[in-house]
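Need the complex rebuilt from these two chains, each delivered in its own frame; the hints are there to steer you.
In order, the protein sequences belong to chains A and B.
According to the working numbering, the first sequence holds residues 1 to 519 in order.
According to the working numbering, the second sequence holds residues 520 to 644 in order.
Honestly, the hints are just simulated from the structure, not real lab data.
Glycine is no exception: its CB is placed at the ideal position from the N, C-alpha and C atoms.
All the given hints hold, so there is nothing to weed out.
Just so you have them, the derived chain A footprint on chain B, three or more residues with Cβ under 8 angstroms: (1) 537-550; (2) 562-570; (3) 598-609; (4) 612-621.
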Amino acid sequence: MAVQAHETVDLSGAMVLAPTSPADWLVIAPVAIPLVFGAVLLIFRHETRLQAGIAIAGLIATLAGNVLLLSHILDHGPAVMTMGRWLPPFGISFAADILGASLALVATLVALVCAFYSTADIGMIGRRYGFYPFLLLMMAGVGGSFLTGDIFNLYVWFEVFLISSFGLLVLGSEHRQLDGATKYAILNLVGTTFFLTATALLYGAFGTLNMADIARKADSVREAAPLTTLSVFFLLAFAMKAAAFPVNFWLPASYHTPRIVTAALFGGVLTKVGVYALLRVLVMLFPPERALLSGVIAWVAAATMIVGIMGALSQTDLRRVLGFVVISSVGIMLAGLALGTGEGLAGTVFYAFHSMIVMAALYLLAGIMNGLGGSYSLHTLSGLYARHPLIAAFALVLILASAGLPPASGLWPKVMLVRASLDAGQGWLAFAILATGFLTTLALGRVFILAIWRQRDDQALLETASPFHGYLTLAILTVPVLFMGLYPQPVIDIAERAAGGILDASSYIGTVFPEGALP
Amino acid sequence: MEAILAVTVGIFFAVAIYLMLSRHIIRILLGVSIFGNAVNLTIFTSGRVVREVPPIIPVDLDVPAGVTANPLPQALILTAIVISFSFFAFLLVLAFRTYQELGTDDTDGLRVAEPEGEELPPLGY
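One chain only, chain B, in its complex shape (with noise of 0.2 angstroms):
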C-alpha cells in the first residue's frame, strides 16, 4: 500500500514541478495546487497505512487491542488542507486582479515592479 502511494505521490511531485516551471500563473497556480495536495498525501503515508481500522479503545482496556489507523496524519493534513486552500484563493484572486491590471498572464511580461533596461546609478555628481 505505501508503495502505490509513494508512486502515486512521486507523480504528483513531477506534474506539480512541471506545471510550476511554466510561464503562464494560471498554469503555476495549478502546480501549486497539485504540490499542495501531493505533500498532504506524503502526510498520509508517512503515518501508519492500515485498512479501515478506526483508533477506537475498547471499555475495558487501556490501549487499542491491535494495529489501528494512524489518527495524527489526519488531523496534520486536515490543517495542511485548510491552509493550502485558503492560500490557493488568496493566489486565485490575486493571479486574476494582476492579469486584470496589467493586461498578461505571462510572468515574463510582469515587468512593472523590475523594469527592463533600467538606468544604472550615477557613476559621479
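Pulled out of the complex, with its shape left as it was, chain A reads as follows (with noise of 0.2 angstroms):
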C-alpha cells in the first residue's frame, strides 16, 4: 500500500529531483573546505608541528574556493545549493550573491594572512590549545554567515564563529583574557539572542525563514505584521554584533587582550559580519522599515564614528587605540546603510573590503612595533624609525589607508560616501565622515610620531633584527590595500554590483525559486 503510494506520488513539486550541478557545489565550499580541515586539524591536535601547515593549506583552499565562486557569480549571477533535496523554502538553502561571496573572499584572504603570521606568533602551548581549529571553524562560521540563505541558518552560524571567538579570546588564559572574555562572551550572547528572538517573531509574522521568500512576501504581509519593530530588534541585534555606538563597549574591553593575531582577525572579520547582516537584512528583506528608520542610524553612524575615534585619541596602548579605530569604521560603513541608496551602499560594501584587510594589516603592525619596541604604550615605543625605516614606510601607508587619504585605499569608499550624502541632501552625515577622516588622521598620526618618527636614547634596547617574517605578511596586506587606492575601478564595479543585488533582489529571489517554481 505505502509502496504504491510512494510510485504514485508527484515529488517534483516538493523535492530537487535533478543531481547538483558541479557549479553549485561551490556555493558550500568556503564553509566545507574549513569545517573539514578544522576537523582534521582537532583529530592531529596533539601534531603541534603539523598543525600550521594543515592550517594554511586549508585556508589556501578556502580561498581557491572562494574565488572560483565569485567568478562563476560575476559570470552567472547567483547561485543557490539546497540541502536534504528538500525544495525551498522548507530545505534550508545557501544562496550566494556578489555581496557574500566577494566579503567571504575577503574575509579568507585576511585569515590566510593571519594564519601565515601566527607561524611565528603562536607558540608550542597555543597551538596544543587549538589555535589553528578554532581558526578554521570560525572561519567555517564568517563563510557560512555570508552565503547562508536562511535567516536561522544565519543564526547558527553566528552561534558557531561566536564560540570560537571565544575560544580564540581566552587562548593564554592571562588575567586581563579573563576578564575581556567575560565582558565579550555574555554581551555577544545576549545580542546573539536578541537576534533569535528577533528570528522567532519574524517566523511568527511570515511562516517563513528564508529570506528570499520574506523578501518576497513582505509587500503583502506589511498591513497586518509589525515589521517595523521587528527591524528595530534586529539593528538592536547586528548593531551589538557590529559594536555600533552605544552598544560597543564589549569591543575596547576585549579586542586588546588576545594574542596580536587574534586581534587582527576580530578586528578585521566579524564586525563586518554584523554590518553583513544589517546590509542582508535592512536593505534586501525590509527596505520601507529601513527607509523610516534611516534617520535613527545615521545618528548611530555618526555618533559611531565620532565617539570611536575620540576614545582612540584619548588611549596610551596602541592596541586600544585600535580597537576604537574599529569602531569608528564600523560607523562610516552604517553611514551608507543609512543612506540607502545604490552609490551609498556601494560605498559601504568598497568600505567593508577595505576595513577587513586595513585593521587587520593595523594588528599586525602593532605586533610587529612591540616585537620590535618591547611595548604597546606610547610612552615608551619609539625609535623605530631609525633602524627600521621599512616599518615606518608600512605604518605610513596603512595610517593614510585608515584615514581615507591618498593613494591608499581608504579614500575611493569615502569619497563615494560623501557623495551619496550630499546627493541625498544629508551633508551633516557628509560633515561626519570628513571630521572622522580628520581624526583619525591625528589619532593615527600621533602613533606615528611617537611610536616611530621620536628620537629613542637608549637604541640598543632596540630590536635589531628584522622581522623578515613580518615584512612578508605586511607587504602582501598592503599590495591590495594600494591596488584599491591606485586603480579602484574593478573594486568599484564590484561593490557596486553587490549593492544593486540587494537593492533590486529580483535575480536573488528568482535564483532561489526559478520559473515560478513557487510554493
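If you want it as C-alpha cells, here you go:
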C-alpha cells in the first residue's frame, strides 16, 4: 500500500530531483572546506608541528573555492544550493550573491595572512590548546554567515563563529584575557539571543525563514505584521554584533587582550559580519522599514564614528587605539546603510573590503612594532624609524589608508559615501565622515610621530634583527591596499553590483525560486 | 493559550533583564539562562499552538486531515536549546575561572583589561 502510494506521488513539486550541478557545489565550498580542515586539525591536535601547515593549506583551498565561487557569480548571477533535496522554503538553502561571496573572499584572504603571521607568533602551547582548529572553525562560521540564505541558519553560523572566537580569545588564560573574554562572551551572547528573538517574531509573522521567500512576501504581510518593530530588533541585535554606538563597549574591553593575530582577525573580520547582516536584512528584506529608520541609523552612524575615534585619541595602549578605530570604521559603513542609495551602499561594501584588510594589517603592524620596540604603550614605544625605516613606510601607508587619504584604499569608499550623502541632502553626515577622517589622521598620526619618529636615547634596547616574516605579511596586505587606492575601478564595479543585488533582489529570489516554481 | 504563553514570556524576559543588570557575574549568568528560555518560548508561541495533534498525514491523504501542531518551531527550539546550553556551560566555566584567577565575581572589580586611572597618552616629546 505504502509502496504503491510512493510510486504514484509526484515529488517534483516538493523535492530537488535533478543531481546538483558541480557549479552549485561551489556555494558551500567556503564553508565545507574550513569545516573539514578544522576537523582534521582537531584529529591532529597533538601534532603541534603539523598544525600550521594543515591550517594554511586549508585556508588556501578555501580561498581558491571563494575565488571560483565569486567568478562564477560574476559571470552567471547568484548561485543556490539547497540542503536535503527539499525545495525552498522547506529545505535550508545556501544562496551566494556578489555581496556575500566577495565579503567571504576578502575575509578568507585576511584569515590566510593572519594564519601565515601566526606561524611565528603562536607558540607550541597555543597550538596545543587549539589555535588553528578554532581559526578554521571560526572561518567556517564566518563563511556560512556570508553565504546562507536562511535567517535561522544565519543565527546558527553566528553561534559557530562566536564559540570559536571565545576559544581564540581566552587562549593563554592571562588575567586580562579572562576579564575581556567574560565581557565579550556575555554581551555577544545577549546580542545573538536578541537576534534569535527577532527570528522568532519573524517566523510568527511570515511562517517562513528563507530570506528570498521573506523578501517576496514582505509586501503582502506588511499590513498585518509589526515589521518596523521587527526591524528595530534586528537593528539592535546586529548593531551589537557590529559594535555600533551605544552598544559597542564590549569591543574596546576585549579586543586588546588576546594574541595580536587573534585581535587582527577579530578587528578585521568579525564586526563586518554584523554590518553584512544589517545590509542583508534591512536593505534586502525590509527596505521600507529601513527608510523609516534611516534617521536613527544616520545618528547611530555619526555617533559611532565620532565617539569611536575620540576614544582612540584618548588611549595610550596601541592595541586599544586600534580597537576604537575599528568602532569608528563601523560607523562609516553604517552611513551608507542610513542613506540606502545605490552609491551609498556600494560605498559601504567597498569600505568593508578596505576595512577588513587595513584593520587586520594595523593590528599585525602593532604586533611587529611591539616585537621591535618591546612595548605597546605610546609612552615607551619610540625610535623605530632609525632602525627599521621599512616598518615606518608600511605604517605610513596603512595610516593613510585608515584615514582615507590618497594613495591608499580608504579614499574611494569615503568619496563615494560623501558624495552619496550630499546627493541625499544629508550634508551633516558627509561632514561627520570628513571630520572622522581628520580625527583618524590625528589619532594615528600621533601614533606614527610618537612610536616611530620620536628619537630614542637608548637605541641599544631596540630589537635589531629585521622581522622578515612580519615584513612579508605586511607586504601581502599592503598590495591590495595600494591596488584599491590607485586602481579602484574593478573594486567599485564589484561593490556597485553587490549593492545593486541587494537593492533589487529579483535575481536572488529568481535563483532560489526558479521559473515560477513557487509554493 | 497564546495569551498565557505571551504573559509567561513577558515575565521571563523581565526576570532575565533584571538579573542581567546585576553586578555579580553569577546572577548575570542566571539571567542569560532565563533569557534563552524566554526566547525558546517565544519561538514556540510564534508557531501554531494547538493541543496534542501530532502532524501525521494519514496513509490515503497528501496533506494532514485537520489543523495539526507545527513541528518547525520545535525543531528550531531544539537547535536553540542545544546552542544556548553549550554556551551556558562555557560561560559557567569562564566565570568560575575568572573568579578563581581574579578573586571576584563583581563586575565593578573586573578592571584588569581596562585599569582605572590609566595615564593619558603623551602630549608631546
